[in-house]
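Novice: In order, the protein sequences belong to chains V and H.
Anchor point for the first sequence: position 48 equals 48 in my numbering, and the numbering is continuous, going up by one each time.
Anchor point for the second sequence: position 137 equals 137 in my numbering, and the numbering is continuous, going up by one each time.
Take these hints with a grain of salt, some might be off.
To spell it out: a stretch of chain H is covered by chain V in this simulated footprint if at least three of its residues, at any positions, have a beta carbon under 8 Å from a beta carbon of chain V; those stretches are [claimed, not checked]:
1. 62 to 75
2. 84 to 98
3. 158 to 170
4. 202 to 214
These aren't lab readings, by the way, just hints derived from the structure by calculation.
Even glycine gets a Cβ: it sits at the ideal position worked out from N, Cα and C.
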Amino acid sequence: MRSDLRKRAVSSPGLLVALLSALAMTSACETPTAPGENPAYDPTRLTDGRLYRWTLGAAVAIHVDTTGQGATSQGSAPRMDLRASVERGLAGWTATWRYGELRPRLVDSAAEADVVVQYTDAPPLVAWDVCTSSIATSTGRTVLCAAGDTARTLPLTQAGVPGRVKIAIVIDHAMLSRQPALDAIVAHELGHAFGIGGHSPDAADLMYAAPTSLAPSRRDAATLRYVLHRPASLKL
Amino acid sequence: MLAVTHLSADRSLRRDVLSEVVATPGASTMPLRRRVISAVLTIAFGMVPMVLSGQHTRTSNVTLMAGVGLTSPLMVDGNGTTVRVSPAATLSAQFSPDLWRAGALNGGILARLASGSLRLRDGPERWSGGRMWQGDLLATASLPLPGGLASLTAGGGLVWLRASRSIAPLEESVVSPAAEATLTLWPSSSAWGLAVTGQGYRLRPSVGRAGGVARLVAGVTHAF
Numbered sequence: 001m002r003s004d005l006r007k008r009a010v011s012s013p014g015l016l017v018a019l020l021s022a023l024a025m026t027s028a029c030e031t032p033t034a035p036g037e038n039p040a041y042d043p044t045r046l047t048d049g050r051l052y053r054w055t056l057g058a059a060v061a062i063h064v065d066t067t068g069q070g071a072t073s074q075g076s077a078p079r080m081d082l083r084a085s086v087e088r089g090l091a092g093w094t095a096t097w098r099y100g101e102l103r104p105r106l107v108d109s110a111a112e113a114d115v116v117v118q119y120t121d122a123p124p125l126v127a128w129d130v131c132t133s134s135i136a137t138s139t140g141r142t143v144l145c146a147a148g149d150t151a152r153t154l155p156l157t158q159a160g161v162p163g164r165v166k167i168a169i170v171i172d173h174a175m176l177s178r179q180p181a182l183d184a185i186v187a188h189e190l191g192h193a194f195g196i197g198g199h200s201p202d203a204a205d206l207m208y209a210a211p212t213s214l215a216p217s218r219r220d221a222a223t224l225r226y227v228l229h230r231p232a233s234l235k236l
Numbered sequence: 001m002l003a004v005t006h007l008s009a010d011r012s013l014r015r016d017v018l019s020e021v022v023a024t025p026g027a028s029t030m031p032l033r034r035r036v037i038s039a040v041l042t043i044a045f046g047m048v049p050m051v052l053s054g055q056h057t058r059t060s061n062v063t064l065m066a067g068v069g070l071t072s073p074l075m076v077d078g079n080g081t082t083v084r085v086s087p088a089a090t091l092s093a094q095f096s097p098d099l100w101r102a103g104a105l106n107g108g109i110l111a112r113l114a115s116g117s118l119r120l121r122d123g124p125e126r127w128s129g130g131r132m133w134q135g136d137l138l139a140t141a142s143l144p145l146p147g148g149l150a151s152l153t154a155g156g157g158l159v160w161l162r163a164s165r166s167i168a169p170l171e172e173s174v175v176s177p178a179a180e181a182t183l184t185l186w187p188s189s190s191a192w193g194l195a196v197t198g199q200g201y202r203l204r205p206s207v208g209r210a211g212g213v214a215r216l217v218a219g220v221t222h223a224f
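Using the sequences plus the hints, can you model the full thing?
Specialist: And the structure:
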């Protein structure tokens with residue numbers, strides 16, 4: 001019977017075309033899939049169980065204020081580059097996203113920023129002390145303020161400018177002596193800014209409370225991907 | 001395409017046209033380089049290239065199609081994201097020389113380019129993944145259907161996919177085998193027709209399980 005079918009296929013061009021057509025249809029039977037992921041650690045432990053994140057696809061504007069770092073350039077201490085640390089941190093986190101979930105970009109003005117990053121000894125760009133809730137490590141602090149189910153806009157200190165800052169990151173560079181240490185702290189705080197409201201118990205992870213890693217680990221990446229695709233109880 | 005195909009079915013016609021190219025006054029006034037290229041193409045593909053000869057011949061078997069493509073999801077993520085392509089503008093050109101004819105079947109090659117945008121969705125949230133391009137290169141076999149007003153074309157080859165941003169499963173350019181079938185309707189003996197193509201290809205994401213993607217392209221076609 002098989003040889004008969006082969007003869008018919010060869011002898012009948014219609015059957016040959018039909019077989020090729022059937023091949024086209026059957027090759028598309030199952031959609032490509034990626035498995036769902038669980039967080040490697042609790043991403044809400046520091047926020048009393050509240051999961052916060054940005055709207056998917058949002059262009060998150062980040063302003064880096066490099067003033068206030070004069071203290072570290074005194075004596076023999078090297079001058080550190082906060083903007084470079086932010087750029088490296090963004091590159092690390094962006095590489096962990098699979099679907100362009102966020103589009104972080106650097107902006108020149110705090111007035112157009114969603115996130116501001118600055119040193120503790122710089123004149124504050126936002127009045128973040130109005131907010132009591134913050135996520136802090138020993139040298140870095142990420143501040144966001146809940147107002148119901150949304151994050152409150154942190155008021156700019158510059159008079160007459162409304163602003164739209166939702167998160168302030170403050171770095172105590174006096175505790176840091178080298179650029180890699182600054183890179184680690186900044187990348188860690190950016191992890192908080194993007195939605196990880198917890199710390200990893202594993203010292204190899206970037207989101208460990210005292211980070212030494214310079215880039216998100218697989219566990220950090222899985223945790224953030226989990227957060228980005230869950231309903232937020234606190235919308236940024 | 002069908003109307004033109006029927007006109008050029010006789011292999012002896014090709015010889016006539018070849019001698020025309022060499023012997024006609026128009027051809028003799030062509031630069032030697034053009035005449036050589038024209039003769040080579042005619043021998044290789046059984047077609048007098050119109051651009052080179054400057055005249056429309058009845059052995060030209062080129063079909064152009066413009067249409068819109070609809071594609072099934074490129075990816076479904078267990079975390080909730082679905083990656084789709086918006087309806088994509090599609091242009092294709094099929095070349096079916098007489099030399100590639102076997103009985104009722106007419107062989108050919110088809111090149112197609114499409115561009116749409118990646119659309120992502122997770123529950124109520126939707127966002128854009130930037131632009132996506134798809135290029136197809138396929139070998140085809142066309143068969144006129146009884147009645148002479150329709151033809152069926154099957155093809156197999158490769159598709160090339162590229163996105164402007166890093167979106168799974170297109171973090172990098174992808175080349176994948178593909179198969180397709182096209183039904184073309186030719187109202188009366190017009191050179192214009194309506195075509196519907198069903199295409200299937202496989203995608204293997206960097207993370208997860210490979211699967212198939214189906215695409216439906218509908219459009220207007222014109223035979224030259």
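Novice: Looking back at the hints listed earlier, which ones does the structure fail to meet?
Specialist: 2
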